[in-house]
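Using the sequences and the hints, build the whole thing.
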Amino acid sequence: MWRALAVTLAGLFFVTTAAADGEEAPPNETKRETEPPSVIGAAFDGDAAMPASARRIASYTLQASLDEVTHGVRGRGTIVWTNASSRPAPEMYVHLYLNAFKNERTVFLRSPFAAGRSGRGNKHWGYIDVLRFAVREMGDTNLWKPELARASDDPDDETDALVPLPRPVAAGETITVDVEWTSQLPEVVERTGYDHDFHLVGQWFPKIARREPDGTWVHFHFNAQSEFYSDFGSYDVTVDVPERMIVGATGVRTEERRSGARRSERYKIDDVHDFAWTAWPLFAERRDAVDGVSVRILFPKGNERNAEATLRAVRSGLRQYGNAYGRYPYPVLTVVHPPASAPAAGGMEYPTLITTGAPWYTSFATTFVERVTLHELAHQWFYGLVATDEHSWPFLDEGLTSFAESSAMRALCGPGDGLSLLGLSVDGDAYFRSAAASSGHHDIVARPAADFASFREIGALVYARTETILETLARVYGPEKVHRALGRYARRYRFEHPNPKHFIAAVRETMGDDAASMLAAALFEGGTVDFSVRDVQTAPALPSAGVFDGQKGRETVDAPREKAKADRYVGRALIAREGALSFPVDVAMTLDDDTVVRRTLDGRARWQWIDVDAKSPLRAVEVDPERKILLDDNLSNNSKSKRPGTSARIFERAQYFAALALSVLGP
Amino acid sequence: MIPLRPVLRASLVLYAYRVVASTIVAYPMARALAAFGATTHPDGDRVLFEPGGFRLVEALRLGSASLGAAVQSGALVGIVTTVIGLVPLAAALTILADPRRSPGDVAKRAVEVFPVFLKLGAATVFVQAVVCGGAAAVAPTLSGFAGVMVNEQARDIAVSIALLPAVAAVVGLGVWEDLARAAATMGEHRAIDAARYGWAALLRHRARALRFCLATTVAGCAAVAISAAAVGLIDVSRPGAIRVLGVALAHQATLFAIAGLRATWLGVGLSTVATGSPGGRGLTVDLNVAPGGAIPAEIESHDPAPEGT
Chain A
47 MWRALAVTLA GLFFVTTAAA DGEEAPPNET KRETEPPSVI GAAFDGDAAM PASARRIASY
107 TLQASLDEVT HGVRGRGTIV WTNASSRPAP EMYVHLYLNA FKNERTVFLR SPFAAGRSGR
167 GNKHWGYIDV LRFAVREMGD TNLWKPELAR ASDDPDDETD ALVPLPRPVA AGETITVDVE
227 WTSQLPEVVE RTGYDHDFHL VGQWFPKIAR REPDGTWVHF HFNAQSEFYS DFGSYDVTVD
287 VPERMIVGAT GVRTEERRSG ARRSERYKID DVHDFAWTAW PLFAERRDAV DGVSVRILFP
347 KGNERNAEAT LRAVRSGLRQ YGNAYGRYPY PVLTVVHPPA SAPAAGGMEY PTLITTGAPW
407 YTSFATTFVE RVTLHELAHQ WFYGLVATDE HSWPFLDEGL TSFAESSAMR ALCGPGDGLS
467 LLGLSVDGDA YFRSAAASSG HHDIVARPAA DFASFREIGA LVYARTETIL ETLARVYGPE
527 KVHRALGRYA RRYRFEHPNP KHFIAAVRET MGDDAASMLA AALFEGGTVD FSVRDVQTAP
587 ALPSAGVFDG QKGRETVDAP REKAKADRYV GRALIAREGA LSFPVDVAMT LDDDTVVRRT
647 LDGRARWQWI DVDAKSPLRA VEVDPERKIL LDDNLSNNSK SKRPGTSARI FERAQYFAAL
707 ALSVLGP
Chain B
59 MIPLRPVLRA SLVLYAYRVV ASTIVAYPMA RALAAFGATT HPDGDRVLFE PGGFRLVEAL
119 RLGSASLGAA VQSGALVGIV TTVIGLVPLA AALTILADPR RSPGDVAKRA VEVFPVFLKL
179 GAATVFVQAV VCGGAAAVAP TLSGFAGVMV NEQARDIAVS IALLPAVAAV VGLGVWEDLA
239 RAAATMGEHR AIDAARYGWA ALLRHRARAL RFCLATTVAG CAAVAISAAA VGLIDVSRPG
299 AIRVLGVALA HQATLFAIAG LRATWLGVGL STVATGSPGG RGLTVDLNVA PGGAIPAEIE
359 SHDPAPEGT
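Chains as they are written, first to last, in the numbering used here: chain A, 47 to 713; chain B, 59 to 367.
Bear in mind the hints are in silico, worked out from the structure with no lab data behind them.
All figures in this text were calculated on a predicted structure; none of them were measured in a lab.
Beta carbons: idealized from backbone N, C-alpha and C, even for Gly.
Keep in mind that a hint or two might mislead.
What the hints assert, rightly or not - Short derived list, chain A residues pointing at chain B, Cβ under 8 Å:
(1) Pro346
(2) Leu468
(3) Asp473
(4) Pro690
(5) Glu698
(6) Ala704
(7) Leu706
(8) Ser709
(9) Gly712
Stated by the list, open to error - Quick list of simulated restraints, FRET-style, between CB atoms:
(10) B/Ala181 / A/Pro690: 46 to 52 Å
(11) B/Trp257 / A/His242: 44 to 50 Å
(12) A/Pro83 / B/Ala127: 51 to 57 Å
(13) A/Arg120 / B/Gln130: 52 to 58 Å
(14) B/Phe184 / A/Pro690: 44 to 50 Å
Set out below in structure tokens:
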């Protein structure tokens, strides 16, 4: 069904569809497309025009109590939900994500080959049992039955519950739902769970699915390759924990109470769409204020250097992202560095709370901690503020975040942000490009997360290839244009739920039709490009020989002797392009006297001879010498030389390191 | 005091062997990498060192299968050359033990002691592997015990310290092997006897032996570090054959220095064995005799009779 959705949306990409007002849509019908505005406008190049807050659709007031022995959470509270669609809602869909870890028949754990980002199954099961789901405006009776969690199309999976209502919720009506539940955390897997007395509590409460303006519920089984999608609202959550626990959570801590051996902390935050928290007695803490944002870093003792690296990245990232995509609107940011025994809890984003993680020695030699921090921080914009459907369009958050991360790393660390060692300087973009090139022909980028062959493909396509596509656009058309496009997109759709059309339209508005067309082809059609130099030829520029009839009569010009010395040479190179994408491209033609003649092609032709006439023979040709077109499938065919290039450096280095190895390991 | 000339000669032997062996090992790997990045570019392999690393990463991606195969074959060749390398090692020790010997005699002696060196080497590698395996087996348990430590850095350091005896054992076995090789060079025909002499020498002069071993190791690491810094400054991503030459010279100087430190340590090993043999018998070669000079009457050099005769 989701594959059909992706194909349908791709096909409808350039077709204007009118919203169908007033019609009753069957549930799950794929009609949730909304059209982007024709123009976003330059007003969104700055923060002034940004929306100040979100429309609160689903607001949660919850009380949760952690049992550190059983690693369970008992919760209760209220959900205030507004039917913001244009159609009455006769039922509600509720996400019960924790049930993904209930047994090995769930969609998440069904495969024997393990799954998800953590790449492994969990040892101790996790689940959520809803005890009460009562709508005050509908008689306040408990509507919940356990079988509601077992969806009709897949009864083995209990992550997607359908709750029929006594009566439809009218369009625009607001209801209050009383909920009670118990959550059993799994051993930490996929960024939620426990490890000894460390707890990362994510996706832990019954969550109302998002209802699109046309009445479509976006509900889905929790797939190992997928993430989340939900409405904005306010969260007021009180967590009750053993006294010794140190808590970090989404939002601002507004109250703290102690009662015997327990302590409760209340957190409140507006304009978010999720709430996560962590509790562990062994956190060390570091606090700072960055441009009015209270930053709190929780980390295991011994990771002080990692904490410093994290703070350095946060300081840089908040400013960079704020300038590029709109000011960070929340007063707090919590960064959680899980203990080394719980690596599956690292590398995740929740509103105002992110998790990083790396061994304590990482920051001594690498910038990995900075990179992870900047990536998860960028998610505050692409996922947090621009709340796209991560299940249907993972590239809209992970891909854009990866591009933001790459830009931020370059600004923070300079050239060689990927590796700078022993005279080698490798940019992070080189790694993204490599992964993108390896996967470019495997699949298209813009498809639902569950439809990819594996998480490895998601990494290569959604993360790396999207980043490489955007970086190519930046290098070809200008980085300021791409950043302006992203900035307008992020500001205009802050606190909203755009889809790929909105993103493409923003690019079209700031960068033009060509760039937008290439972007769409690269994302939706699996477009690729491979420029190559197929042939290089050079010859002396000699007068033409033969029999000529001119005004003075017939004249015979002999062919020049082979060894005649020419004072000019002609050269030509055959530049070819494969793949559906095309970009303007530079060509550098190197002559024997080391002169370099440059040409710029529009890159549209499948093949093109380019000529040069100079005093020296043509020796070598290189297409895209500045590496602008990172999407190029194969860089090794980008050049051709009439004389093989020297490999002295490689041989010398290889011999040296082999000799060092023999010195250590040999006699 | 170890005379310079024998040390230089021994260094040359070791250096020459390592250059040849490493060239054989490295050539397939370098060829595999060059094929995907260097040969078609007008700048040759300089492009692989350009800032950004795009062509390098691309060459590694495209050539990964070939490179992997080349690395595997290189490892196998490396093992073979390591075994064969016992001959130049024996030659170096022979030069240090008796600088008067002619090159032909040195080669003949080196071949004679090769079987003993082979047995010593095999035994040492086996025991080192057992020690490493034991340490690897124990490490998780140690990590479990250290889990009570709250500080992750301190925890890992504690585990590392707990594993230091294994590291010391591996290093000590290497030192012992070198001393046993020295004993074999000086006349012990059987590996077991050579090992016994080496052990006795190590026990008697352990502080001296370990001091020199550590000093030469630290000096070797320093040479590598200095070379790395120099190479970084030279920056072969910029054009100019002089840069390539400069890096090559820096690297070869480092390799020669390491060979020289090895030869120095071997000389120390010889003198340690010479003065540390059990019962004080045999193996007394005065390394201060100049090449071609007369042997003082009070200096004896003899091979003890094999046991049982």
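Hints, one by one, checked against the model:
1. Pro346: holds, 5 Å
2. Leu468: This hint holds: A/Leu468 lies near chain B, its Cβ roughly 5 Å from the closest one there, short of 8 Å.
3. Asp473: holds, 5 Å
4. Pro690: It holds, given that the least Cβ distance between A/Pro690 and chain B is near 5 Å, below 8 Å.
5. Glu698: Because about 5 Å separates A/Glu698 from the closest Cβ in chain B, which is inside the 8 Å limit, the hint holds.
6. Ala704: holds, 4 Å
7. Leu706: Cβ of A/Leu706 sits 7 Å from chain B, so the hint holds.
8. Ser709: With Cβ-Cβ at 5 Å, under 8 Å, it holds.
9. Gly712: holds, 4 Å
10. B/Ala181 / A/Pro690: 46 to 52 Å: holds, 48 Å
11. B/Trp257 / A/His242: 44 to 50 Å: Because 47 Å falls inside the window, the suggested range holds.
12. A/Pro83 / B/Ala127: 51 to 57 Å: The hint (51 to 57 Å, Cβ to Cβ) holds, given that A/Pro83 and B/Ala127 are roughly 56 Å apart.
13. A/Arg120 / B/Gln130: 52 to 58 Å: holds, 56 Å
14. B/Phe184 / A/Pro690: 44 to 50 Å: Since B/Phe184 and A/Pro690 have Cβ atoms about 46 Å apart, the given range 44 to 50 Å holds.
In the structure shown, no violation is registered for any of the earlier numbered hints.
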